[in-house]
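Asks: Here's the letter readout for the chains.
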Amino acid sequence: MRLAILDKMQPEAVQRLFEAKRPEVTVAGTFSDIHALEQAAQRLKDAHLAEYEAFGPVPLVEIESGMRRQGSFVRAVATMGGVAGVVGGFALALWSSTLYDLVVGGKPPTALVPYVVVGYELTILVACISTFIATGHGAKFLPVPPPPEFMARYSSDTFGLHLYCTKTQVDEARRLLEESEAEEIHEF
Amino acid sequence: MAEATSFAKINDTVLSTLDPPGKKYWLVIGLLLCFVAAMFLTVGYQVLVGIGIAGMNHPVGWGSYIVNFVFWVGIAHSGTLISAVLYLFKVRWRTAICRSSEAMTVIAVMTAGLFPLFHLGRIWVFWWLMPYPNAADLWPNFKSPLVWDVIAVTTYFTVSAMFFYLGMIPDLAAARDRATGWRKKFYTIISLGWQQRYEQWRHYARAYACFACLATPLVVSVHSVVSWDFAMSILPGWHTTIFAPYFVAGAIHSGLAMVITLLLPMRKLLKLESIITMTHLERMAQLNILMALIIGYAYGTEVFIAAYSINQFEWEFFLWRMFGDYAVHYWIMVACNCVIPLLFFFKKIRTNWVSLLVISLLINVGMWMERFVIIASTAHDFLPSSWGLYALTPAEWIIMVGAFAWFFMLFLLFAKHLPSVAISEIKELKLHEAHLDREHAG
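In order, the protein sequences belong to chains A and B. For the first sequence, our numbering gives the first residue as 1, with consecutive numbering after it. For the second sequence, our numbering gives the first residue as 1001, with consecutive numbering after it.
Since the hints were made in silico from the structure, they are not lab data. For glycine and all other residues, C-beta sits at the position ideal for the given N, C-alpha and C. You may find that some hints are simply not true.
[What the hints assert, rightly or not] Calculated Cβ distances over 10 Å to all of chain A for the following chain B residues:
hint : residue
1    : Gly1044
2    : Phe1089
3    : Val1159
4    : Ile1189
5    : Tyr1198
6    : Leu1357
[Unchecked claim] Calculated pairs, SDA-like style, for lysine to any residue (alpha carbon to alpha carbon, straight line, at most 25 Å):
hint : chain 1 : residue 1 : chain 2 : residue 2
7    : B       : Lys1271   : A       : Arg153
8    : B       : Lys1090   : B       : His1440
9    : B       : Lys1184   : A       : Pro145
10   : B       : Lys1184   : A       : Glu149
11   : B       : Lys1185   : A       : Asp157
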């Protein structure tokens, strides 16, 4: 994650904590309850911190208000995919029928009604493929092992909040997590 | 979920199903593989000597291959119904069974996809149906229901497979974090670096909802398009506007029954009774009652339309269908699809695993019969001089049995190698229930 100070008006200690360009240390706090995680994230957001990440075994949508980034571009991409699908489906069917424009049985080579099926199916197909690709891009799908700071417990029953900082900022980070009532604090 | 009270317990319960299977499991897989091999050998023989080894001939040009194709596409339907439609309606009991239903959907479409290839005879030219640029500018005819069918089923398979895989990624990561050895490597690759991060969840949650919205119209469209393979023709018994809803209802009916058939032994063998409870099976049985009533209404309407139309061919055809050469098949169809499922009105029957299994199997027998009755009854068209009868040849029986073996083999492989319950969704449901409890207490 990119480290930045978003708000120059924030307290001096917090500015010191997040002034480095690249995080050297990850300070992780763990929580057994999603509500504790939500409150901790909200506390960090209120302090205008940009560099933290939440982890948990359930879709973490309900803590969204405490996170800096909200929503997703996936829905917009799905909509664009759907539009491309319907246009592409009709265009393919219409264009290919004009390539072989023999009049058979007195019927015109092109016909809109049967092409509705093609347009309809391609709308869904292209929208879904777009959704999958967008999700893969957003969630950074790569067949690689998780980084060392990832705790396997996050897949089971533990929630986590990771603060990314430099070595000189570790004490501040620990203090912030302690104030957030983290049950355990680890450094990576 | 009486026992699986904590998140860790849910993980243990579900992920312990992925422990290395015993000899009996591989023995069953081996046995099923023998049937699958027999199927492919028979298909190979058909390629060598021609499609004449199947019983399809004038006047029945579409035989067991298309019967099985329609049957398996139908089976696929309830997976999407459970995973997408019930998700949008916020039906919470779906969480325990959605994963196995989605797996069933994907495997059933894979099974269905085999049959048009077998039916082609010349399997090696199947790609002529694909829309691709070619030198002669000869594109598929997009006005043909057969081309619609290719597009619809391909779309259905692609969307179902992506939905199934996307939904499973967080659980694959959970499997990765518990596994050791080569299994850990395997789950690491297929979990695509999932880390349960908020940055991943926020995209995932939207994508899941998008997939549910996009897959829902497919529940209606796919079997409608399949039905138009028949309804767009002018044959008596086929050329009817009722086919699309009638096929969709039938598909959901058979799919729900197959989910019950699969879940009953699965929950027992994988020790998932605490997660997939009798209540889940009961709810599906209740849905079967609804579907049985809709199908009964469709069967009745079909006959009424034939009688009311004052169309001699149509009415004679229905009389023959009900009392002619395939009368036994017809009445088995009516009994298994419309009458026997109504026994689920009795709580004792729909909460007893033996009766659930027997009735779900009978529904599938009935649904196979429905497709057979529809397709084989083309033996009786406008001209008495062209009438004939159709029966399955040994080659068709081998291929049909092989397809069932293929389906059950793939499902068994799924059940022991991939998380068969949506772990993260179950946990989310637990959170929701805890939240409601707090609200009530407060």
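Asks: Hint by hint, say whether it matches the structure.
Replies: To see whether the hints hold, each was checked on the structure:
| no. | hint | in the structure |
| --- | --- | --- |
| 1 | Gly1044 | holds (32 Å) |
| 2 | Phe1089 | holds (18 Å) |
| 3 | Val1159 | violated (5 Å) |
| 4 | Ile1189 | violated (4 Å) |
| 5 | Tyr1198 | violated (4 Å) |
| 6 | Leu1357 | holds (34 Å) |
| 7 | Lys1271(B) to Arg153(A) | holds (23 Å) |
| 8 | Lys1090(B) to His1440(B) | holds (20 Å) |
| 9 | Lys1184(B) to Pro145(A) | holds (10 Å) |
| 10 | Lys1184(B) to Glu149(A) | holds (18 Å) |
| 11 | Lys1185(B) to Asp157(A) | holds (22 Å) |
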